[in-house]
Amino acid sequence: MKFKNVFSPIQIGQMTVKNRMVVPPMGTNFATRQGFVTQQLLDYYEARAKGGFGLIEIEVTAVVPQGRSIPNEVGVWSDEHIEGLTKLADVIHKHGAKTIVQLHHAGRQTFTETINDEVNTGLQIEAPSPISCPFCNVIPREMTTQDCYDMIHKFADAAVRVQKAGFDGVQLHCTHGYLLAQFMSRHSNKRTDEFGGGIAGRMKMPLDIIKEIRAKCGNGFVITVRFTGDEKYQDGIETNEAKVFGKMFEEAGVNGLHVSVSNYGSLPYMSVPGYIPAGYNVYTAEEVKKTVSIPVCTVGKINDPYLAENIIASGSADLVAFGRESICEPAIPNKMAGEIDEEISPCISCEQSCHGYLFGPHKTISCLVNPFTGNEGKYNLASAPVKKKVMVVGGGPAGMFAAWVAAARGHEVSLYDEREQLGGEFRIAAIPPSKQAITKVIKYYKKMCDKYGVEIHSGIKVDEALMKEIAPDVILLATGSKPLFPSIPGLKENEKTTAASPVLEGKVDYGNKILIAGGGAIAAETAEFLGERGKKITMVEMKPEIATDVHPFIRPFLLSALEKYKVDMITNATIKSFTKDGIVYEKDGREVIIEGFDNTIVALGTVSNNPFEEVAKTIAKEVFVIGDAVKAGQANAATESALEVAATI
54 MKFKNVFSPI QIGQMTVKNR MVVPPMGTNF ATRQGFVTQQ LLDYYEARAK GGFGLIEIEV
114 TAVVPQGRSI PNEVGVWSDE HIEGLTKLAD VIHKHGAKTI VQLHHAGRQT FTETINDEVN
174 TGLQIEAPSP ISCPFCNVIP REMTTQDCYD MIHKFADAAV RVQKAGFDGV QLHCTHGYLL
234 AQFMSRHSNK RTDEFGGGIA GRMKMPLDII KEIRAKCGNG FVITVRFTGD EKYQDGIETN
294 EAKVFGKMFE EAGVNGLHVS VSNYGSLPYM SVPGYIPAGY NVYTAEEVKK TVSIPVCTVG
354 KINDPYLAEN IIASGSADLV AFGRESICEP AIPNKMAGEI DEEISPCISC EQSCHGYLFG
414 PHKTISCLVN PFTGNEGKYN LASAPVKKKV MVVGGGPAGM FAAWVAAARG HEVSLYDERE
474 QLGGEFRIAA IPPSKQAITK VIKYYKKMCD KYGVEIHSGI KVDEALMKEI APDVILLATG
534 SKPLFPSIPG LKENEKTTAA SPVLEGKVDY GNKILIAGGG AIAAETAEFL GERGKKITMV
594 EMKPEIATDV HPFIRPFLLS ALEKYKVDMI TNATIKSFTK DGIVYEKDGR EVIIEGFDNT
654 IVALGTVSNN PFEEVAKTIA KEVFVIGDAV KAGQANAATE SALEVAATI
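Here our numbering is used: the first residue of the sequence shown is 54, the next is one more, and so on.
Derived pair list, reagent style BS3-like, types lysine-lysine, alpha-carbon separation capped at 30 Å:
hint	residue 1	residue 2
1	K640	K535
2	K493	K71
3	K596	K535
4	K431	K499
5	K147	K55
6	K633	K588
7	K493	K514
8	K674	K499
9	K684	K416
10	K71	K300
11	K535	K499
12	K103	K499
13	K499	K514
14	K207	K416
15	K684	K440
16	K71	K264
17	K589	K640
18	K431	K500
19	K549	K640
20	K560	K549
21	K147	K217
22	K493	K560
23	K684	K535
24	K588	K535
25	K535	K560
26	K629	K619
27	K588	K619
28	K560	K514
29	K493	K55
30	K566	K629
31	K545	K640
32	K674	K521
FYI, nobody ran anything at the bench for these hints, they're computed from the structure.
Make a model of the complete structure from these sequences and hints.
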């Protein structure tokens, strides 16, 4: 067996967990505004229990209404929440997984509009000290000493409700800069009463909560703590201090520890992009483990089964939490057990549909690679009632995803792409630094296409004659997007201009001094790619800042790379015309000419490419346009549109 160590059972207090793989607590926003469990939440967690995880730690669960960090956070502040939580515990237990609930209070890391609603009004943000969070920037009300003792009772009462609901235990949320972590950290705790000062004072709040939970719930009820091994912030918790915390938790009767990292002042480290190596936080768990005898769980970009196995085999930690990988692939344990790891849907740290959705207008999480996430009760691979002949035109992410899903439902599917290699522009997007993980998605989609019998025809240019020859019942047009070349004087006549893709693919000789027209994600990533090769780069962007379309967790690393390579970034500049080796741009009301460039890369956006829709409608009974062929945008929109069609035809 390739992964024997991660499948060994482990004892956490009186709870026997069947393997070492954990779904860590990650907010989904699938509950109601008043914190009640929904069917969507049940479906989400059942998929991961059914997928083979040994331990499922339920996401942030508020002990008081003002403790919420997301609007639809699961609640446990009232006995009314017990009924829904009971359903949640039952649906997880029936698949053999153990489950605990993370007791949470956001403290200063929330917004007034998050904690107030039509039921809860006039709530104030509260914290150990009246110091605003660097991200939320709202000055909280300082908790009185009596408030602190009242909060201890609130946490303990919440634990009692969790126990009544049938869960195996609770987890105190003492990390990521939330309330209990705020008490523990020198950065956020400036108190001079018994809940402040040195380590003993800063640890009083969580330790007193543990003592009261144990008194109310008994010795058989599991208590774990998720706490910070490194806040990565000035005056924050650091690893040597975390080792002391771990020992104090053990002495207080805690059954297990889960060591995480960061706070809202260091958000990019809470959910890191491709710039940060896999398993970047294992060292903090390893250090804490040296000081305790209870099980220690690690977390932080553990997105590969071989990495997880090595962490357990080497003794670095006792359990591994898969984090975003469990969002992307609910069945990773089962696929590891079956040694079909090539069928594991891979997390690529893109942030688009997890954090991007959670903190954006969408509000609830999903996954770019696997848009079934969050839609477990809406879409599935059930056999189609009528089997059809399906032709997919385009081998990018939308086309490949739609092809394997349709084939899995029993349709006869063929996929055509004019390029020799599948992946479309998504494949090229893997070329810049930190983006290599995208290759895993293309490989995974190809594997799933092969598994379900999709006939793949690459290097074949589709035309009307081919469509008629195939004579499909359904045509899915996933022809993607193409670079936008706007009507700017001199652009079409300039022989030294090119799009970004040929540059990244090595198809053009781009020279040493390069101008990039545009400052979005494609432009910035191309600049980084060229800067890494020692080229002198100038970017011209009409917006005030570069790479504003890049997720805020990723953008700081990208901008840092551009600064490292001394990329000249001209912003608030409108290109008026192209010259033979440069441009004329307008900035602050005056025109500026910059010339002498060996090449000009045009990265001014993309537009949909949909040349076949009208003719396809004359050939097939059903025609669907999916992905960027509908509207150029992010890759998650492409795979979502592909799922919506492929799961219903």
